[in-house]
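S.K.: From first to last, the protein sequence lines are chains A and B. In this text, residue positions in the first sequence follow my numbering: the first is 7, and each later residue adds one. In this text, residue positions in the second sequence follow my numbering: the first is 724, and each later residue adds one.
For the record, the hints were derived by calculation from the structure and aren't laboratory data. It is possible that some hints are incorrect.
Subject to a maximum C-alpha distance of 20 Å in a straight line, what follows is the list of computed PhoX-like cross-link-like pairs (lysine-lysine) [to be verified]: (1) B/753 with B/728; (2) B/795 with B/805; (3) A/120 with A/137; (4) B/753 with A/117; (5) B/753 with A/120; (6) B/753 with A/54; (7) B/739 with A/9; (8) A/36 with B/753; (9) A/155 with A/120; (10) B/753 with A/9.
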Amino acid sequence: MKKLVLPNEILMGEVERLLSQGTTVTIMTKGNSMLPFIVGERDSVILKPYGEPCVGDIALAHLDNGAYVLHRIIGISDSGMITLMGDGNIRGTEYCHASKLCGKAITVIRKGRKCNPDSKSWIFMFRLWRKMLPLRRYILAVYRRLLIKII
Amino acid sequence: MRIKKGFVLRELAGEKIISGEGLEQIDFNKIVTLNSSAAYIWEHISNREFDLETIVDLLLERYDIERSVALKDSRSLLDNWKSIGLVEE
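The shape of chain A in the complex, shown without the other chains (with noise of 0.2 Å):
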């Protein structure tokens, strides 16, 4: 299968779009900024148009410098201001408006499963995965060694 690559501005513009359209969007994800949950270059992601935003939700936002990132919501504020940050890093957040988030990861396909990131085990995961912030570099580097051809 030929694999036709667009530009990341494009593409994303693109995905932006159609989201805000209403249409429900699935793209090959991009590097390790949301190990484990997600392998970039090897899973997907389904996007859903944005409702209400939620800490935990795995979020596409358009931030200010004209960048896009899929990561995770890890605080709101009650101005409307999202904090976000990749499940993969160890420092490092991004700050956007609500309004500049683009979709809702709906779907994680994982090695061609799908997981849903909203289920009772993913939410767990999550929270644990939050609480072992200062192990995660450890973690990771096993991750990334060894398990990511299991899991």
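Starting from the known structure of chain A, fit chain B onto it as the hints suggest.
M.R.: Frame of chain A, contents of chain B only:
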């Protein structure tokens, strides 16, 4: 033969693409890109019965080419569309 139901042609980042889930869904992992002549043919046959001759005639209407060339191109286009499951008998 006909184009199978549910396939939609749309323009995306300057490319004509076909996606398989109708207008309310799009899977970027499963898209088919068309060049301009393939898109022209798609637009003219997507809602009706057609055969190889229909495609040949469409090409001859639009392009100044020999019938033998049009026939060869039509055949390879149709074989390709059949092999990826866009067309049903």
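S.K.: Take the hints in turn and mark each one as holding or not.
M.R.: We went through each hint and held it up to the structure:
Distance restraint check for residue 753 of chain B and residue 728 of chain B: the Cα-Cα separation of roughly 16 Å lies within the 20 Å cut-off, and the hinted pair is therefore satisfied. The suggested pairing of residue 795 of chain B with residue 805 of chain B holds, with an alpha-carbon distance near 15 Å, which does not exceed 20 Å. With a C-alpha separation of about 26 Å, the suggested pair residue 120 of chain A and residue 137 of chain A falls outside the 20 Å cut-off, and the hint is violated. Our distance criterion of 20 Å between C-alpha atoms is met by residue 753 of chain B and residue 117 of chain A, whose separation comes to about 16 Å.
With a C-alpha separation of about 16 Å, the suggested pair residue 753 of chain B and residue 120 of chain A falls inside the 20 Å cut-off, and the hint holds. Between the alpha carbons of residue 753 of chain B and residue 54 of chain A the distance comes to roughly 18 Å, so the proposed pair stays at or under 20 Å and holds. In summary, the hint linking residue 739 of chain B to residue 9 of chain A is supported, as the alpha carbons are separated by about 15 Å, within the 20 Å threshold. Distance hint between residue 36 of chain A and residue 753 of chain B is fulfilled; the C-alpha atoms sit about 17 Å from each other, no more than 20 Å.
For the hint pairing residue 155 of chain A with residue 120 of chain A, the CA-to-CA distance comes to about 17 Å; that is within 20 Å, so the pair holds. Taken as a hint, the residue 753 of chain B and residue 9 of chain A pair is honoured in the structure, with Cα atoms around 10 Å apart against an allowance of 20 Å.
In summary, the structure is inconsistent with hint 3 from the numbered list given earlier, while agreeing with all the others.
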